[in-house]
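Protein chains: 2
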Amino acid sequence: MHTLQDCQGLDAQDPLRALRDLFTLPDGVIYLDGNSLGAMPAAAPARIAQATTAEWGQQLIRAWNTAGWFDMPQRIGNKIARLVGAGAGELVATDGTSVNLFKVLSAALTIAHETSPERRVVLSERSNFPTDLYIAEALCKERGYTLRLIEPEELVTALDQQVAVLMLTQVNYRTGAMHPMSQVNAIAHAAGALTVWDLAHSAGAVPVALKADGADFAIGCGYKYLNGGPGAPAFVWVHPRHAERFWQPLAGWWGHATPFDFTPDYRPAPGTQRYLCGTQPILSMVGLEVGVDTLLAAEPLGGMAALRSKSLALTDLFIELVEARCGGHGLSVVTPRDHARRGSQVSLSRQDGAYAIVQALIARGVIGDYRKGSGPRHPDILRFGFTPLYVGFEDVWNAVEHLRQVLLSGEWQRPEFNQAHAVT
Amino acid sequence: MHTLQDCQGLDAQDPLRALRDLFTLPDGVIYLDGNSLGAMPAAAPARIAQATTAEWGQQLIRAWNTAGWFDMPQRIGNKIARLVGAGAGELVATDGTSVNLFKVLSAALTIAHETSPERRVVLSERSNFPTDLYIAEALCKERGYTLRLIEPEELVTALDQQVAVLMLTQVNYRTGAMHPMSQVNAIAHAAGALTVWDLAHSAGAVPVALKADGADFAIGCGYKYLNGGPGAPAFVWVHPRHAERFWQPLAGWWGHATPFDFTPDYRPAPGTQRYLCGTQPILSMVGLEVGVDTLLAAEPLGGMAALRSKSLALTDLFIELVEARCGGHGLSVVTPRDHARRGSQVSLSRQDGAYAIVQALIARGVIGDYRKGSGPRHPDILRFGFTPLYVGFEDVWNAVEHLRQVLLSGEWQRPEFNQAHAVT
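Chains as they are written, first to last, in the numbering used here: chain A, 1 to 424; chain B, 1 to 424.
Don't read these hints as lab results, they were simulated from the structure.
Keep in mind that a hint or two might mislead.
One copy or any two copies: either way a pair holds, since identical chains are not told apart in the list.
As the list claims (entries may be wrong) - Straight line, CA to CA, 20 Å or less: simulated SDA-like cross-link-like pairs of lysine to any residue:
(1) 79 / 321
(2) 372 / 419
(3) 79 / 239
(4) 79 / 151
(5) 141 / 308
(6) 141 / 267
(7) 79 / 333
(8) 211 / 409
(9) 372 / 157
(10) 141 / 364
(11) 79 / 118
(12) 372 / 333
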């Protein structure tokens with residue numbers, strides 16, 4: 001078993017250790033919730049202040065040109081593309097994940113309908129992130145489709161000739177289990193379905209090869225592993241083979257071929273501009289660009305492959321230490337042990353007390369989060385995200401030590417840790 | 001005719017003059033483009049820096065509760081409600097105008113369909129802001145409706161028994177002409193249609209009485225007269241009589257009754273939460289709150305009624321001085337002279353050179369904007385917005401003096417003022 005000294009040694013040898021200095025983290029906090037809201041890059045305050053004071057304040061309307069605001073969705077999109085295996089000019093940063101999912105699922109259904117109008121089912125997992133299911137449910141209602149929800153092991157049999165689109169989140173928000181994207185795309189395509197991927201817990205967390213792996217559509221989140229700040233804009237990717245046929249009902253003026261001609265009829269722009277709708281929230285967009293730039297600072301050190309190696313070492317270590325040092329307290333590891341099936345988080349479950357244990361840890365400065373379960377197959381979850389940019393091996397040791405103390409002392413049973421509240 | 005001295009006297013007597021100090025404006029600029037991007041409140045940089053450094057940076061995920069991020073859409077919405085004649089708990093700040101228009105138009109069509117399924121037309125103006133027409137066109141295509149576009153004087157006859165929804169922008173973005181909201185609602189309702197209002201150029205610009213005037217649905221923009229910063233979130237209002245039947249396809253988790261139960265099926269929340277979709281861009285939302293707070297600082301000085309008096313005095317003065325001092329240069333006033341039909345802008349047209357004249361003015365520090373025309377009825381426009389919070393009477397004098405010099409000298413004919421570019 002690794003000792004504290006071992007962990008300190010791993011940090012000392014970590015070639016990515018210097019990246020931690022690119023973030024501002026509060027004292028006394030071990031932050032294992034970057035999968036919910038990424039930490040703040042140290043460069044963010046100055047860049048956001050510049051956008052506020054110098055660009056908005058001094059340039060005013062002129063900043064759309066002089067400060068490059070117009071180009072931000074494409075410019076940032078091209079940077080994110082490098083993190084998810086997409087080409088330049090294929091991906092755009094805009095709107096939120098739910099809105100973007102609506103766009104790509106609309107487009108996927110429209111395109112599927114052109115060749116296979118008899119396919120009337122959207123297939124997804126019952127344990128997918130709920131907003132994905134709500135958006136799919138709403139769109140199915142709108143278009144007269146059926147949303148079919150399955151468990152992961154039912155995928156192959158469920159992909160029948162009724163399925164128009166398979167919509168999956170690559171890394172499950174609760175369990176951290178990861179789908180093999182290339183295989184799933186191949187199975188779906190063989191069954192005649194298009195694929196829509198939600199990369200909320202993948203982009204910036206695990207290597208993604210959208211184009212090489214044959215995905216059709218993808219969206220992802222800006223404020224988790226991309227460290228773009230609270231509610232930062234999300235992104236849209238469409239495989240080039242579908243780009244010209246992409247159509248979505250959020251046909252706002254920013255997706256128009258010539259928005260400043262102010263013509264009364266809609267004519268979609270070529271390329272990624274077509275995936276836009278309206279004016280973007282620039283201050284939040286600036287935060288996103290800083291976050292993405294900070295992640296790209298890892299490129300000279302090996303980029304996503306190097307980050308992935310460290311992420312797996314961190315989650316391996318966490319699993320090992322929890323089992324070795326917190327045994328006998330009823331915790332189970334929910335996240336797959338198989339590296340190929342694991343995202344950048346570790347989820348634990350426990351018969352009871354999951355919520356309170358997370359609160360007790362937060363009170364000690366170890367910030368993870370709790371996710372409510374539903375039924376015996378989907379238990380309550382204690383969720384810990386490991387962002388290799390700023391989480392170290394000694395952090396893992398200390399987090400587990402706090403967890404051990406919380407369990408040993410029974411402090412999680414205090415009333416203040418058992419009051420309901422909301423967490424993203 | 002007013003003299004420069006008269007204008008200075010009007011500023012000296014202006015009871016709203018002190019509000020100008022609540023904004024940071026660049027030296028040497030007369031800003032007449034607050035109808036495109038409102039100026040920066042002086043309080044914005046510090047508040048945005050706090051949200052970045054102290055909230056995101058130090059509180060991290062906890063800020064959703066500790067910094068009140070969760071409540072922002074409703075909290076800011078309730079503040080905006082005071083500016084547009086809506087009640088508390090009826091209006092919410094969220095997403096962009098195009099996305100919000102999609103939501104309320106969807107809801108309006110669904111509600112109209114319940115009682116009058118035979119009505120299959122959305123009625124709007126050909127000169128409405130294009131994104132409104134694009135969204136309506138897309139939704140009509142999606143739902144099998146027809147978008148019927150008319151000129152304003154055709155309104156009464158066009159409101160036949162086929163019209164389900166009348167969708168109008170209260171103040172026209174090009175001409176500044178304002179619809180009498182109460183009358184139009186009465187006419188529409190008498191004809192059996194619901195009304196959807198775009199308040200992009202009304203909210204914070206003219207007194208609006210959504211509820212008293214009987215409107216059904218409204219959306220509006222956060223970055224124009226609300227001074228919320230570039231691309232700031234927009235807002236949604238629904239008359240309480242429709243709130244319980246509101247349904248829209250952007251059914252994301254933030255609109256769910258219990259989002260943190262993570263249930264796979266969508267159950268819309270009661271109240272304004274139902275109008276939300278996903279996580280909001282918090283840094284941009286913070287900018288919006290500062291902007292709205294700055295506008296509400298006028299409440300003790302008479303609020304929107306006092307701002308409206310000053311706005312009309314400013315636009316009256318501008319029209320008078322343009323006609324008196326820039327006569328013989330081919331300019332026409334497009335904006336209605338009738339106060340009841342005028343927004344907070346003045347639009348001029350000219351046979352040619354509109355774009356170049358605007359560029360020449362910008363080079364002199366007088367920032368208005370240009371809007372491209374389409375056909376003889378809709379000529380090219382030189383557009384000047386008057387935000388009474390920070391525009392003074394001497395500013396109007398000086399702006400007209402610059403315009404006179406640009407025309408007299410012919411400097412607008414220089415090549416550098418005749419290169420095409422994009423402006424919002």
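Status of each hint after checking the structure:
1. 79 / 321: neither (36 Å within a copy, 50 Å between copies)
2. 372 / 419: within (14 Å within a copy, 58 Å between copies)
3. 79 / 239: Within. Shortest intra-copy distance 17 Å satisfies the 20 Å Cα cut-off; inter-copy 43 Å does not.
4. 79 / 151: Neither: 34 Å inside a copy, 45 Å across copies.
5. 141 / 308: Classified as neither: same-chain Cα gap 39 Å, cross-chain 45 Å, threshold 20 Å.
6. 141 / 267: between (27 Å within a copy, 14 Å between copies)
7. 79 / 333: neither (35 Å within a copy, 47 Å between copies)
8. 211 / 409: Answer is neither: 50 Å inside a copy and 58 Å across each miss the 20 Å cutoff.
9. 372 / 157: Close neither inside one copy (29 Å) nor across copies (56 Å); limit 20 Å.
10. 141 / 364: neither (46 Å within a copy, 55 Å between copies)
11. 79 / 118: Result: close neither inside a copy nor across copies, 39 Å intra and 49 Å inter.
12. 372 / 333: within (16 Å within a copy, 62 Å between copies)
The structure fails hints 1, 4, 5, 7, 8, 9, 10, 11 (numbered hints given earlier, in ascending order).
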